[in-house]
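Student: Residues per chain are reported as follows:
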Amino acid sequence: MVKRGQGGAAEQRAGPARRGAEEVGRVRIVFEEGILGFEDVREYELVESGDPGPFRWLRATSGNLAFIVVDPLLFWPDYAPDLNAMSPGLGMEGRGDVLLYVIVTVPDDPLLATANLFAPLVVNARTGQGRQVPLRGSGFPLAAQVFPEDVREGKVGLAGACPDTQKR
Amino acid sequence: MLVLTRRSGESVIIADDIKITVVSVDTKAGKAYVKLGITAPADLKIFREEIYEEIRRENEAASGATLTDFAELARAWKQMKGPARGRSE
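Top line first, the protein sequences correspond to chains A and B.
Just remember that the numbering used here sits 7 ahead of the position in the first sequence, which is counted from 1.
Just remember that the numbering used here sits 998 ahead of the position in the second sequence, which is counted from 1.
Looking at chain A on its own, in the form it has when it is part of the complex:
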């Protein structure tokens, strides 16, 4: 598991972390098969920014491609796909070897962000090899709401002021 940010950082106001600045740590991950739609891009780094919370950037080491990812267990504690069956060949022997992330899609209203539980990113922590693994037949959604209803409802008050923020 990637180390979380310092408590002090969590108290700071959330602000856009500049590329290269306020980075707490990074881990290199190679996706030999790429990520679907971006098959040519293989080398990424998982970047822990200065912003508080569990979100991370998965950033291509060259070019501008980047995804926001998150540890799904923080939001879906019961999420337990059978990764060994689904991703043979990654060489993961024990659970400790596995880093599991899901890609977050952020619509115009970030409170309506969704995560792709159907095709998580599975990473062998020992080798740094990663793969996007579609969980065939699992029933996990491609777009699960990240934030619970009470947080999303906080948006309802704001929505009056910004009526066009709801469009995806």
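Simulated from the structure, these hints should not be mistaken for lab results.
Positions of the beta carbon are idealized from the N, C-alpha and C atoms, including for glycine.
Where hints are given, some of them may not hold.
Stated by the list, open to error - Simulated restraints on C-beta separations:
id, chain 1, residue 1, chain 2, residue 2, range
1, A, R159, B, R1054, 23 to 31 Å
2, A, T134, B, K1017, 44 to 52 Å
3, A, G146, B, E1008, 14 to 22 Å
Unchecked claim - Here are a few chain B residues that face chain A, going by a calculated C-beta distance under 8 Å:
id, residue
4, K1026
5, G1028
6, Y1031
7, G1035
8, F1045
9, E1048
10, I1049
11, I1053
12, S1061
13, F1068
14, E1070
15, L1071
16, A1072
17, W1075
18, M1078
Use these hints to put chain B onto chain A, whose structure you have.
Tutor: Chain B alone, transformed into the frame defined by chain A:
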């Protein structure tokens, strides 16, 4: 593209260890559909094409995230209460 005609129950073999069998051919609501049986090594990924397309589309939508999006997610996370948030502490 190689096009082969097969009857129900007949198969094609690809590269020694992949066998695709036409299990049945049927019509439902005026549309023909084919049921295929596939025998292949376990590490071979086999998916309906649409599933790949859906994941691709979702990945492409996710790839447009901005620094502002990230900061907004972090802010929303701070508002979260209850068990999900508690797990992170």
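Student: Indicate, hint by hint, whether the structure satisfies it.
Tutor: Status of the hints after comparison with the structure:
At about 27 Å, the CB distance of R159(A) to R1054(B) agrees with the hint of 23 to 31 Å. Distance hint check for T134(A) and K1017(B): the Cβ-Cβ separation is about 33 Å, which falls outside the suggested range of 44 to 52 Å. At about 33 Å, the CB distance of G146(A) to E1008(B) disagrees with the hint of 14 to 22 Å. Given hint, K1026(B) at the interface with chain A, is violated; its Cβ is 22 Å from that chain's nearest Cβ, farther than 8 Å.
Using the Cβ-Cβ criterion of 8 Å, the hint placing G1028(B) at the interface with chain A is not satisfied: the shortest such distance is roughly 28 Å. For the restraint placing Y1031(B) at the interface with chain A, the shortest Cβ-Cβ distance is roughly 19 Å, beyond the 8 Å limit, so the hint is violated. Because the smallest distance between the Cβ of G1035(B) and any Cβ of chain A comes to about 16 Å, over 8 Å, the interface hint for this residue is violated. Annotation: interface hint on F1045(B) holds; nearest CB of chain A at approximately 6 Å, less than 8 Å.
Annotation: E1048(B) was flagged as interfacial toward chain A, and the flag is violated, the nearest CB pair being 11 Å apart, outside 8 Å. Checking I1049(B) against chain A: minimum C-beta separation of about 6 Å stays under 8 Å; hint holds. Using the Cβ-Cβ criterion of 8 Å, the hint placing I1053(B) at the interface with chain A is satisfied: the shortest such distance is roughly 5 Å. With its C-beta approaching chain A no nearer than about 6 Å, S1061(B) sits inside the 8 Å limit, and its interface hint holds.
Of the supplied interface hints, the one on F1068(B) holds, with its beta-carbon coming within about 6 Å of a beta-carbon of chain A, less than 8 Å. For E1070(B), the interface hint holds, the least distance from its beta-carbon to any beta-carbon of chain A being 4 Å, beneath 8 Å. Nearest Cβ of chain A to the Cβ of L1071(B): about 5 Å, under the 8 Å cut. The hint holds. For A1072(B), the interface hint holds, since its Cβ comes within 8 Å of a Cβ in chain A; the closest pair sits about 4 Å apart.
With its C-beta approaching chain A no nearer than about 4 Å, W1075(B) sits inside the 8 Å limit, and its interface hint holds. Among the interface hints, the one on M1078(B) holds; its C-beta lies about 6 Å from the nearest C-beta in chain A, closer than the 8 Å criterion.
Checked against the numbered hints given earlier, this structure breaks hints 2, 3, 4, 5, 6, 7 and 9; the rest are met.
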